[in-house]
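J.: Okay, here's what each chain looks like letter by letter:
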Amino acid sequence: MRGTLLRYSMRRALANMSENRLVHLIGIGTMAIAFLIFDAFLLVFLNINYWIEEQGSSLTMSIYFTGDPDKAAVETVSKELLQYPGVTINEFISKSDAMENLKRRLGDKAGLLDGLEGNPLPASLEITLSKGKIEDFPKQLKARLEMLEAVDEVQYSHEWVEKIQAVMGAVKLIGIIFGGLLFLAALFIIINTIKLAIYSRHDEVEILKLVGATNRFVKAPFLIEGSIQGFLGGVTAIVILLLGYLVAITRIDLRIGFASFDIVFLSPQFILLLLLMSIIVGFLGSMISLSRFFRI
Amino acid sequence: MIQFFHVYKSFGSENPALIDVSLTIEKGEFVFVTGPSGAGKTTLLKIIFCAERPTSGYVLVNGRNLTRIKDKELSLLRRRTGMVFQDFKLLPNRTVFENVALALEIMGAPFSVIRKRVHQTLKYLDLGGKEDYRPPQLSGGEQQRVAIARAIINSPLILLADEPTGNLDQDLTVEIMALLKRIHIRGTTVIVATHNQELLKGTRRRVVTLNKGRVA
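Sequence lines, in order, name chains A and B. So the first sequence is residues 1 to 296, counted in my numbering. So the second sequence is residues 297 to 512, counted in my numbering.
If we strip away everything but chain B, and leave its shape as in the complex, we get (with noise of 0.2 Å):
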């Protein structure tokens, strides 16, 4: 499902923030990319989400090479891919209900379909009745879930997650990550980036290792 390719990334001549990384995530994983900060696991996520280009090298993403989408192209590419950052990245002076609308309306969605969607998904992540409610009154672990719900309303086959619990205390930590099982269950491909090794611990799952910018 992503390939990369002997893929580099640097910003100006300094600090190269990947250098040759080759790996492959098959369709329905659940991966770690775990590292120190400035490893490149951001930068990596990035590329995916077609943030960032590669400076060399070339990314598959279902086929598709992103170092030569067009720009036209690009928003269709995000459309299938759910982003879930650190800080969030909400819409303060926005409702509930219009943040996570957001996602479907940019694709022309009727409301009908805007409001059925949107109640299904707060409600399957514990935020029903939260509608009115506008980011600043809600709690850490509630803004990480409605950006999460905006990231997996149109159902994306792939779900990056830049340090989701990165502002988050333990419980909430635990929840959220409950929460990004679930949504692999379905069937999504998950990416979660973090440097939390407690998150890591005892896991199963696949954990990719960056160090200054290479795969360990």
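With the rest of the complex left out, here is chain A (with noise of 0.2 Å):
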């Protein structure tokens, strides 16, 4: 009986469909936008928060030396940094090799630097933490650097993690919010679009009604009907979602030539369950939609 039903309906849904296309195309193409804008909210946010896991899981120090330091200098910090363990010193960037690495970074405009009077750039020594470090420790390290008379600033690339980490609460609930309202809107399209098949199909529902239909056997290929739709919907927004992806990478790459910030797309894992909660909604909407018309 079952699988009987499920054939009976399977074969419903998809004849209907096909006979009401227009509108079947309209609650896709809608619901398609409201899970694109969903899925492109959700692409960013994913792709702030990777980025921040990966700036915190290898951290780096800037000391910035005061003038220009001799050799002595470099070396007192130096052997202050070497009392603690897990500190490795990568390199000594005097005030020319910073002027240098700017101008090869700015290729073309490096002119723009020849009208400067002077090297404004400092020294530095560029160092690795080691992972697995107490929170507070590059903290105090700074502080204590920050006291010798040679250095002028210490800088950690967690510094700014922190604190786009403490902005990123804020948009993760900006991001609930606004995801909640979206699943709320695919929820009142497919609710909608369900209604009208159900108007538009009224006859034939009375005439199963009539004939001895149970509640079930008439509901089923309208179920079916929201969840094709909640699918295609889905999938719609995924393949646009990953053609803009596709275009914006390749931009992205051709203007700044080279990759500073990898975007990368969602998971295979990630798209299973974005198409699966499209199938949800549009289940539910049927169901939302077919629990009013029934209670007659």
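Since no wrong hints were added, every one of them can be taken at face value.
Reference excerpt, derived from the structure (chain B facing chain A, CB under 8 Å, subset only):
1. S371
2. R374
3. M379
4. K385
5. N389
6. L398
7. A399
8. I402
9. G404
10. P406
11. R446
In silico BS3-like links for lysine-lysine, alpha-carbon gap of 27 Å or less:
12. K209(A) - K412(B)
13. K209(A) - K323(B)
14. K209(A) - K342(B)
15. K195(A) - K366(B)
16. K497(B) - K508(B)
17. K385(B) - K195(A)
18. K368(B) - K209(A)
19. K209(A) - K426(B)
20. K366(B) - K209(A)
21. K385(B) - K368(B)
22. K195(A) - K368(B)
23. K103(A) - K71(A)
Keep in mind the hints are simulated off the structure, nothing from the lab. From a predicted model like this one, the values you see are computed outputs, not experimental measurements. Note that the Cβ used here is the ideal one computed from N, Cα and C, for glycine as well.
Using the hints, put the two standalone chains together into the complex.
T.: As structure tokens, then:
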């Protein structure tokens, strides 16, 4: 019985969708837009999160010197640093090295620097702190180093990662509210599409009930229709997002010339989860719509 | 088989459709329900079919009290009661085969059984070869026969026909009445609501006359 019902419902759902193509296409299109906004938001959110995690796992620190330090000043700082385990000195960048680096990065716009009087860039010592260090350690080290006469300022990558992390809390909250609203919008769309489908097939529903069909039998094709619409809306959204992503990364690579920030696409697990969510939204929307209709 | 006990039915406060109707229809009977338009014929059939519930009084069909029937039992009751409507109530975008098969599909019958029974029933009603037609491609008489095929395919115990010849000309009326008689001979209880007095001329069947909601 259950197999027959499923086969019948599937056949009816597909036949109905093909008979009322335009209504269903509009429904799928509108749902795809709602899902696309949701998916795009998720993609941006996940990328920022991924990037923060990436930054947090390798902690680098730059120690900027006052003026042009002599060898002794650099050695004093190096000796201080070597007292702490887990600290690796990567390189010393002199004022002139810093200027060369900047010129190289500016490429054909390096001429802009010609107007400068002297070299305003500080000399620095680049170090890496091993992972697993206690959280306060970079802060303590920064304070201690800044007490040294030769050191002007100390900056570490975590400093602004921490700041972004603080902002991410707010972004998360906005994301939940925004995502929730989009979820409701998609639900609202499917409720109305299915409602239209029920109204347009009012006679069919009436005849089915008159020949003795159970509510389950009458409802099943509509539920399948809603789920298929949700799924197709979800797939369309993912495909558009993927195309947009491919265009975006190509453009960014062309303009900047090097990948300073890798944008990653949604993982297959995430895509599956989103498609499942689209199906659930479609199913749920149909169910709400049908419950209103069958309350009579 | 069907018993009405002091049944009243009203839609709103005015114009009661049925007033104190009490009657019994035995198993295997062929009964005409007649009366002018608005006499309550359709309401009487609808109550037997559970498309309407009495305002008061009670109705027994095969011992089941219809006034207390639950929604879940409704579908089972309708599968055992065939109903033929004046406007046929066929799905215009589905074929004759699909329209008739509907009554078996809702019961979850396997396709092999559906195919065999639909072909047998269509042949019995002289509709063999019309399986792939859609209702708008058929004549009024053929459409009514398709509606009858759908109503009898489950071998119901009761067949209700509401003005089955209302939209048909004289020749087709005779044809449909002959068909209903054939179904009756097989043992089905048949109740035909009609305002067509021509149908009742010379009949030896029982005639229940309704007038302004009362059994005359």
